[in-house]
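> Each protein sequence line maps, in turn, to chains L and R. Going by the working numbering, the letters in the first sequence line up with residues 120 to 436, in that order. Going by the working numbering, the letters in the second sequence line up with residues 1206 to 1516, in that order.
No wet-lab data here; the hints were simulated from the structure. Any given hint could be a false lead.
What the hints assert, rightly or not - Not the full set, but computed from the structure, chain R residues with beta-carbon under 7 Å of chain L: (1) M1217; (2) R1291; (3) P1374; (4) Y1502.
Where a beta carbon is used, it is the ideal one built from N, C-alpha and C, also for glycine.
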Amino acid sequence: MVEIVTMVGLPIDEKLMIKKNRIAPAGADPKGLKRISVVTGIHGDELEGQYVCYELQRRISLEKDKLTGIVDIYPAMNPLGIDSITRGIPAFDLDMNRIFPGNKDGNMTEYLAAGIIDDVRGSDCVVDIHASNIYLTEIPQIRINELHAERLVPLAKAANVDFIWVHGASTVLESTFAHSLNSIGTPVLVVEMGVGMRLTKEYGNQMVDGIFRLMQELGIWGGETIPVRKPMISQNPYDVSYLNASASGLFVPSVKHGARLAEGELIGLIVDPLEGRVLDEVRAPQAGLLFTIRDYPIVDEGSLMGRILKEEVCRYA
Amino acid sequence: MRKKIIYEIKGMYRDDFRITGYEFGQGEKSVCIIGNSRGNEVQQTYCCAQLVKKMKQLEEEGRIKDGHKVLIIPSINPYSMNIQKRFWPTDNTDINRMFPGYDLGETTQRIADGVFREIKDYEFGIQFTSFYMPGDFVPHVRYMKEGFTTVEDAKKFGMKYIVERAVRPYDTATLNYNWQVWDTKAFSLYTNTTTRISKTGAGQAVMAIMNFMACNDIIKYSAISEKKSRMFNDTELISVRTAKSGFYEPLVKAGDKVEAGTPLADIVNPYDGSVLETLYAPVPGVIFFIHNEPLTYANTAVIKILADDMD
Ligand SMILES: [Zn+2]
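Just chain R, same shape as in the assembly (with noise of 0.2 Å):
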C-alpha cells in the first residue's frame, strides 16, 4: 500500500486542502474508485476506508494480480466535510458539477483538474456518490446509457440491480460522465445511506468491488456465483408524491415488497396531528427509494417504486 498526495492547495489558515490517495499493486492502470465529493457523503468515504482495509490485507497475503494497479481515493473534499457542508466551503460550488477540471480556472475547477489527471487513464472508474434528495436506498450500481460501460461489465459487481440511466444536460460535468469520455467504463455505487454509517451497506460495497475485480481477473478472491441481476431504465421508476406538505411518516423501509395498495407513508398535520392524506403503492414491487426527513414538501417524490417484473 501507498498512500500519495493526489492534490493539495495552500490554506490560508486552515490546514492545507490536501486529497489523499491510496495505491495498490504494480503496473497498468486497472481500477479507480472515488469517495465522498460532497461533505455530507459520509457513508461514501466510510465504504472506502472499508475498501482499503480489505485492498491492504489482499496485497500483503499477494492477492493482487502481477500487472494491475488501484487507486482509491477516500474523499476528493475533506474540506466541506470538515465543516459540515455539502459543497464547497467559501463558494458552494459543487465539484462532481466541475469535470473535467481546468488548472487555471476557479477553485473547485482546478480540484477537478488536478483529481482527473490522476484518474482519467484507469480502465475501470467507480465512484460512491449520493441522490441529491435524503433518503435510503436499494444498493445498486449506475452507469450512463450513451457511454460505453455495458450491463455485462455491471454484472461483474453481483449486485441484484443494475440502473441504466440517459444523460441529461447537467451530467456533462460530473466524473462519471467525463471518465467515459476519456475511455474509462465508469460506475457509480449506491449504497443504502449518505449521512449516516451503514456498516451492512458498507460490507455489501466491498463485497460488490471484491466481485467486480475477481472478475475482472485484477485479484485472488472466490466472488460468490454471480447472483442474477435485474437491470432497468432509471426511468422505469414509479414516484409515489405528496399531494400535502407536512410531517412525514413513513409506514415502509428501503428493500420492502409491497402490494398494489399497501399503504406507504401518511402526511400529518403538523399542529393537530390530523392525517392530510395517505399514500399508497399504485403497483406491486419494491421500495427502491424512501425518504427519510421528518419533513415533507407539497409534489416530492418520496417513494420510488420498482415495479414487479411481469414477464
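Extracted from the complex, chain L is given alone in its bound form (with noise of 0.2 Å):
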C-alpha cells in the first residue's frame, strides 16, 4: 500500500510528497512483525537503487505466500532531485545526506528529514542504497562506520556484497540519515555500488538476492534464498590506495573495473587532447583490487581516479 511519508506545499501549486510502499503478508496484524526498509534516492543522481526496488518487488510478488514480515519501499527520498538530475536538493543547493535528523520545528528540509527518521525509525534492518556519484564506479559494497561496526558487520555479511568497509568516524558525517538512525539503534547498512545516472542490472541483481537473504535472517522471508558471497573486509585505512590525477586532462583507462592489478601495473593515462601530449601514466602504488575507477573521463588535478584494496585484504575472500 503506498503511502505519503511526509509532505511539505511548495511555492507554485505543488506538493512535494515523500512515499512509500508497504509489503506485509495479507491479513497480518503488523504489531510484532520483523520490518525491513529499503531506502534510496537520497541523492537525485544516483539511480541504481531504483531497480533494486522494483525487482524485489517483483521477486515478492511471485511468492507472496512466502513473506513473513514487513517490506517498506521508499524509492525517493529526495523526489525533487530525481525528477531534475540534480544530487542534492534543488533550490537549496544542498546535500540531503548533510540534514539529518532532521526537525520537526525547523526549515523544510528538515521538516522533511525528521518525517523520514520517524518513519524508518524502528526497522529490524534499513538498507540505504547508493550509487557513488557521476564519477565513480564502484564494486557493490557496504560502508560502515568504526562506531557501528560490532553491530553492523555481521548484518552486512549476509547482504551478498563484495566489499565490506569500515571507515573512521569524522563528525561531518554525523549528519548522515545511516548516522542518524544508527546511532538511535535502528541499524542501517549503506550500500554503495555501480555509478550515478546509471542502472547496473547485474548489481541490482545481486543487491535483489542480498536483501532476500536479509530477510530470510531476520525472520521475513519463509521462501529460498541463494548463498550469499563472503565478502572482503577491510577495518584499516591504510588498505585502501587512492589514485588522485597529478594533472588536470583526460583519463583514459587501460583496465577494467574490478581488475587484480600488480604493483606498478599500468592503469591508464592522463593525455591532452589539445596537443596529443600524455600528460601522466597512472601506475598502481600496491597490488590488489580496482574496487574504484573513474567513469567520468575529464579530471582536473586532484581528481579521484580510482582505489585499490592491498592484496592481503582480497586473499582472505
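The two chains are supplied separately, each in an independent frame; assemble them into the complex guided by the hints.
Structural data, given as C-alpha cells:
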C-alpha cells in the first residue's frame, strides 16, 4: 500500500511528497512483525537503487505467501532531485545526506528529514542504497562507520556484497541518514554500488539476492534464498590506496573495473587532447583490487581516478 | 604592495586556476583577510578590492607600522565566480568545507591546503562570508565560542553587533575553525549583502577593518572612538517562520526597528493574490536578517529578530 511519509507545499501549486510502499503478509497483524526498510534516492543522481526497489517487489509478488514480515520501500527520498537530475536538494543547493536527523520545527528540508527518520526508525534493518556519484564506479560494497561496526558487520555479511569497508568516524558524517538512525539503535547498512545516472542490472540483482537473505535471517522471508558471497573486509585505512590525478586532462583507462593489479601496473593515461600529449601514466602504487574506477573522463588536478584494495585483504575472501 | 600568486592549478581548457594575494608592509604576519570562497559571494570580493585600494594608499603614505605584514586575498575561488556557480565547477564541493585541506587529496582539498599553508601563521584572520540562505543582514562580526578569540578582540572592529557562535559539527572543516586550531584569532565579517554590491556595506567593512588594525597598532589611522557594541549568541536571534509557501512580500528591511506586532511580511497565493498569512514581530527588536527572494517555502525562517535588550 502506497503511503505518504511526509509532505510539504511548494510555492507554486505543487506538493512535495515522500512516498513509500508497504508490503505485508495478507491478513497479519503488523504488530510484532519484523520489518526491513529499503531506502534510496537521497542523492538524486544515484539511480541504481531504483531497479532494486522494482526487482525486489517483482520477486516478492511471485511468492507472496512466503512473506512473514514487513517490507517498506522508499524509492525516492529526494524526489525533486531525481526528477531534475540534481544530486542535492534543488533550490537549496544542499546535500540531503547532511541534514539528518532533521527537525520538525526546522526549515523545509529539516522538516522532511525529521518525518523520514520518524517513519523509518524501529525497522529491524534498513538498507540505504547509494550509487557512488557520476564520476566513479564502485563494486557492490557496504560502508560502515567504525562506531557501529560491531552491530553492522554481521548483518552486512548476509547482504551479498563483495566488500565491507569499515571507515573512521568523522564529525561531518554525523548528519547522515545512516548515522542518525544507527545512533538511535536502528541498524542501517549503507550500500554503494555502480555509478551515478546509470543502472547496472547485474549489481541490482546481486543486491536483491542479498536483501532476500537479510529478510530470511530476520524472519521476514520464508522462501528459498541463494548462498551469499563472502565479502572482503577492510578495517584499516592503510588497506586502501587512492589514485588522484597529477594533472588536469582526459583520463583514459587501460584496465577494467574490478581488475586485480600488480604493483606498478598501468591503470590508464591522463592525456591532453589539444596537443596530443601524455601528461601522466597512472600506475598501481600497490598490488590489489581496483574496486573503484573513474567513469567520467575529465579530471582536474586532484580528481579521484580509482581506489585499490591491497592484495592481502582481497585474499581472505 | 606586492601582488603574489598564492596557489595555482593548470586548467585543461580554461585558463589556469589562480589565487592571487596582495601583501602590504614587512615583518610579522599580522592580519590576513579573505574574500569570497563561493561563486556567488560578489560583495565579499568587492569589499576586499576596496580594502586593497585603501591599504595601497596607506602604504604609500607610510602609515603601515614597522614589523607588520597584511595579506588580502580577494577571492579563493575565481573559477566559480566566472561561471556564476556557487560551488566548485566540476564536483560541486564547497572549498569552505575542506579546511585545513590535504595536498594529496581531491581538487578542492588541494586548494584549501594550498591557501591554508600561506595564511595559517597570521595573528589575525578575517573572512568575508555569507549565510547559506539568500538574504540581507545587519552588518556584524562573528567568532566561534570555543576558540580563543575573545569579545575584547571583536570589539576592536567598532561594529555595532558582535555575534558569538557555538561550534557545530560541520564547522570543523571551515576556514574560521581551522584558523583557530592553528592559533590564529579568527573572525567572520558579514556585510549586508552577498550577490549584489552594496557600496555602503563595503565602506562599513573597510572602516571596520581599519578600526581593527588601528586598535591593534598595525596602521596609523584615526579610528572612530569605540562605539558601544552589543554582543549576543546566535541562538538568541528569534526566527520568524513561514507556515505557507508562496510569494513573499517583505514589509520591513534589515536594520529596521520593530514593535511587538509589527507586520513583517505577507505570504501571498501565487495565482489569486490572496494573502495566505501575515508574519508579525513576536517581540520588539531589530530586523537582523531578512530573506530577499520573491518566493518562499513553508517552514522557512525568513526573518531573524534581535530582541531589544531588556536590562
Ligand atoms: Zn549517495
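> Hints first: check each against the structure and report whether it holds.
Hint check results:
For M1217 (chain R), the suggested interface contact is upheld, since its CB lies about 4 Å from the closest CB of chain L, less than 7 Å. Hint status for R1291 (chain R): holds, given a least beta-carbon distance of 6 Å to chain L, under 7 Å. Given the 7 Å rule on beta carbons, the hint for P1374 (chain R) holds: about 4 Å separates it from the nearest Cβ of chain L. With its C-beta approaching chain L no nearer than about 4 Å, Y1502 (chain R) sits inside the 7 Å limit, and its interface hint holds.
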